[in-house]
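**Q** The chain contents come next:
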Amino acid sequence: MTIIFGVFLLTLMVITALAIVHTQHLFVAVILSGIFSLLMAANFFLLDAADVALTEAAIGAGISTVLFLGALTLTGEAERYRSSSVNRVVALGVVAAITLMVIYATFDKPAFGDPQTPVQQHVAPWYIDTTANDIDIPNVVTAVLASFRGYDTLGEVFVVLTAGIGILFLFSATPTRRKKPQTEQESEVESTAEIKFGEGLRHFLIPQVVGRLLIPFILLFGLYVQFHGDYGPGGGFQAGAIIAAAIILYALLEGEARALRVIPQWVLTGMMAGGAILYSAVGVVCMMLDGNFLEYSVLAADPITGQHIGIIVIEAGVGITVTGVLLSIFHAFAGRRRF
Amino acid sequence: MIDWNMHLPALQVIIPMLSAAFVLLLRPRGLAWAGATAASAFTFAIAIMLTIGVLDGQSYVYQMGNWPAPYGIELGVDSFSALVLLIVSGASTLALLAGRKSLDTDIAEERQPLFYAAWLLALAGLVGIPVAADAFNIFVFMEISSLASYVLIAGGRDRRALPAVFKYLVMGTIGATFYLIGIGLIYLMTGTLNLADMELRIHEVADQKPILVAAGFITIGLALKAAVFPLHVWLPNAYTYSPNIVTVFLAACATKVSLYLLIRFDFFVFQPNLINHDIQFAYFLMPLAVLAILVASGVALFEKNLKRLFAYSSVAQIGYILLGASLVSVAGLTASVVHMFNHGLAKGTVFLAIACLATRYTNLRMDNIAGAAKHMPWTMAAFVVAGLSLVGVPGTAGFISKWYLLSAALEEGTVGWILVAAIIVSSLMAMAYVWRVIETAYFGVQANGNEPVVTNTQAVIDSPREAPIALLSVTWVGALANIYYGLAPSLPVTLATNAAETLMKVAP
Amino acid sequence: MYYVATIATLITMALALVRALQGPSVYDRVLAANMFGTKAVLLFSIIAFLYGRPDFLDLALTYALINFIGVFAILEFIRRRPNDAIEDDVTKGDVNDDNVVGR
Amino acid sequence: MALDIASWVLLSMGGLFVFIGGVGVLRMPDFYTRIHASSLTDTMGAILIILGIMLQAGASLAAIKLAMILLFLLITSPTATNALASAALLAGVRPCGTDPVMSADKGIDLDTNADAGSLGEGKDT
Amino acid sequence: MELLGLYHYWVFAVLLMIGFYAVISKSNLIKKLIGLSIFQAAVFLLYITMGKVAGGTAPIIQAGVENAVFSNPLPQVLILTAIVVGISTMALGLGIVVRIKEEYGSIEERDIQEIDRR
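Chains as they are written, first to last, in my numbering: chain E, 1 to 339; chain U, 1001 to 1508; chain V, 2001 to 2103; chain Z, 3001 to 3125; chain P, 4001 to 4118.
Hints are not guaranteed to be accurate.
[Stated by the list, open to error] Computed Cβ-Cβ distance ranges for the label pairs, DEER-style: (1) P:Q4113 with U:V1415: 47 to 55 Å; (2) Z:P3078 with V:Q2022: 54 to 62 Å; (3) U:D1056 with E:Y231: 47 to 55 Å; (4) U:G1298 with E:R261: 57 to 65 Å; (5) E:Q116 with U:I1418: 45 to 53 Å; (6) U:P1272 with E:R88: 48 to 56 Å; (7) U:L1301 with E:G93: 25 to 33 Å; (8) E:F217 with Z:P3095: 53 to 61 Å; (9) U:N1276 with E:V90: 45 to 53 Å; (10) E:N133 with U:D1003: 40 to 48 Å; (11) P:V4069 with U:E1109: 54 to 62 Å.
No lab work stands behind these hints: they were computed from the structure.
Ideal placement from N, C-alpha and C gives every residue a C-beta, glycine not left out.
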């Protein structure tokens, strides 16, 4: 039965994707891609990937919609050209070739859900057994993420950090066009933009009250996801996204400027770097204690305790960096004026 | 006592990565540059130590978190990766040493910590790939290096840098995603991500369709990243409009790392196991390589902008590297790997010399730099040396690799003669475009009198003096290295021969 | 037992999707997206029980939070954009022909 | 057993409400009636379904979480629709039947969009 | 059931195609990025699908499911990483688009090429 639910959701997903590509209104495309992410998350959930579904829901549907909207505010929201017919033919040709390749590959693929495939037989059982014996936390995904493949996760944190650095770097440039004298009309537009700028939804009473009420709970829930990651779905990435979302909510309600006053940019930059440093520091400490890089077992007398300590600390590092980066990116977009 | 020698592969990556996070926090002017340069130099030192170790016959294998190989992530360094590590960290260090003044003019002071942090992250990503022995880990580091290089290129002063970066971002992401699909299909069939383990297990399923498709996806994805003709369209603009010093760094090593990966994947994982893979590989890549060499050299002949000219020349040189690999022989691979090193050296020096020119000439159009040699004799002399090396004149590093390439091609019989002809024709074309620059710089006369003139309206008036001493001396280090490795090529050749023999599974 | 509710939720999601595709105004689409979100929360909670893993309710909770924030982000976006037109069916308009280029 | 039957009834009723809400959103003539369809049966459907699941969960952490989810939906869903409706009203979307402006509005908008557009682009290039 | 199993892979192929088509053919830069995100999402689906075991459950070993069959945790870990990488790329891409808009006044590839040619 669940497989039929899956098929249904997948079909909805294809329809949504087609609509996203078809519509010429970017705002609509963004809303639809929010729905697309959500369908994706539901599918992941049906396919037993609770952690991934949580991430997709928090990052794909939440944060990325916010970022796209932030960008759309600055760029305008209508697509001006249909793709030209030559372009379309070329694109369809390339795409058809690749699709044929992919479909060709589906034959010979092991059947869906077959437990006898190499994927299920070769490495996976080892992870499940070893997690129970050597790490002793219930969530195997967290164990693989943080310990067995902790180096990947370190790299991932640095990818996020790079994105944060990139956005800050890009937006630290003043547009050259601004230096030119403005026409009267333009400056007028600018001044009205300035009045609107940064005041948030302050004049909407009900959202105000409800939002303020909820923010502490969201933060609390974020912390729960952060530290419950060993036991259930969750962990640093998801928690970072949720905490960032709570503060984004604050910024939406109270306005950009006030949110930045509560957590100024230098704190965010510190968080970006700090989380990454914390993570790598754990690895270096392991080296100092005569282990390999990221070998948490040496952190305590008992290897299992060591693993627990290591995983908690690095997850905290991940959470800090992700929060810092996502908020920096959000502020960079939301605080940018239209030019 | 901790055995640091054992930890070298890990330190190689961690040091630039960790220092990137610290550099981000350095506020005062100049400190960020100093920090980045120190970290980069340290990385270079580790690469040298690793190379010495490899030459001593030591093999480096490192298990992250001490988890055994197919389960945890493994790092490994052999001759091939050691050579790439040398190129990457050396290019980064020299570029940083040279580039302080040049970057100060390109990047405003308050943006510098961000910029240098991105630089170190790009370095970390680029050294992370050759060190890694795990397919997915390679993807992660590929993304670090790509994202960071997008940032670096976007630092260019010209606004055309932005569309160039966007194109690079889109094509780079497609390439990386193709790679990811390929890895996914292989994982589906073998159940492992570790390269060595994959190599062992893949032959059981070698004739199955997903593996063939995976080989295709990985080859195309990496070819996109490596700017193999005709997937090179992102490269010329990205190199042209990025800050000059960034061009030095990226031109010397960014595409090399993707090529390294392409060669490693194809030869290490697929070649010994997939039936007829060598023929498919050769038939697919050899025409592309020859086309790349001829077409890109042809475009370079008519290009007006100096940086763009040499960007196209890079596309042609990538063709040479690929051509060597597509011969699927020890000699061909040796040539290809040696050329990676030599091209990095020559092209890095060329772009350093261009950076020297750029400190005095804001506009790098060909007619604008006419007579530059009169004002900047040392710069132009270094340029001549590097240019000759690029062409492959005897006595320079470029000659060595061309020689290896020619002799490898001659082993191939009839096809070999066509290849030889292509190589010779393109060398002549290279001669022509390098000569065009030299001619303009030495004998050219500015349109209105003898003074350099700026066509760009808002630019400052050019002052025809020599480049800053730091930049110039590093340029000369590069030029002398070109001569040194032309006369005593044992280091790259030994490493390359070892690499080729391991890849082709020939007992040394 | 859970199947009836699951199927009803799935069908409603499809209906909401149709509304989101049809428009006609921006607000209809936002409404549909919001409704889609709340239905997804229900779907997640039901499936968590269907699979016998009540721990996965975290997912539903997360989504309820995110959905709320998403709607506010959209509202803020609508408020901020330069002319708050209720239009959005440029899709069918012929505004986007190639001849708009030259200006 | 009685518990199972009760939760079956609740879940089915909830499913019915949810479905009616969906049909309403699709079939109602204008934005405000759609909001009505959406939010009203939305909350009702959510209450019934989650109560149905809660009966199955018994007294456990899951029940508390379900209660949180329900509370959350009951607070946020009306807030969101309220904000949405007020935004729409401020932007000039008229309830259907009061005025034929809506379709006219759209026509005007399309026109303005054609030359000046919401992008404000014409002046920049 | 056999065909329903392959359905996941086909949807992967179709989504890949849709996303890729948008990236290649669309002139609008933001639309390209949206296409890119669909393209990447398709790959996520491929990985997660191959990790699923029929009758299995999520690899979180809790009371009540100690002896159940667990789906493969490794693809899930990889995709967790890939999702975060994807959003990072997307954010950076959006940043570049915003800067392009500021410098060129347009986010259409065609306009930008036009302006650069002048």
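**Q** Could you work out which earlier hints the structure fails to respect and list their numbers in ascending sequence?
**A** Violated hints: 1, 2, 6, 8, 9, 10; rest satisfied.
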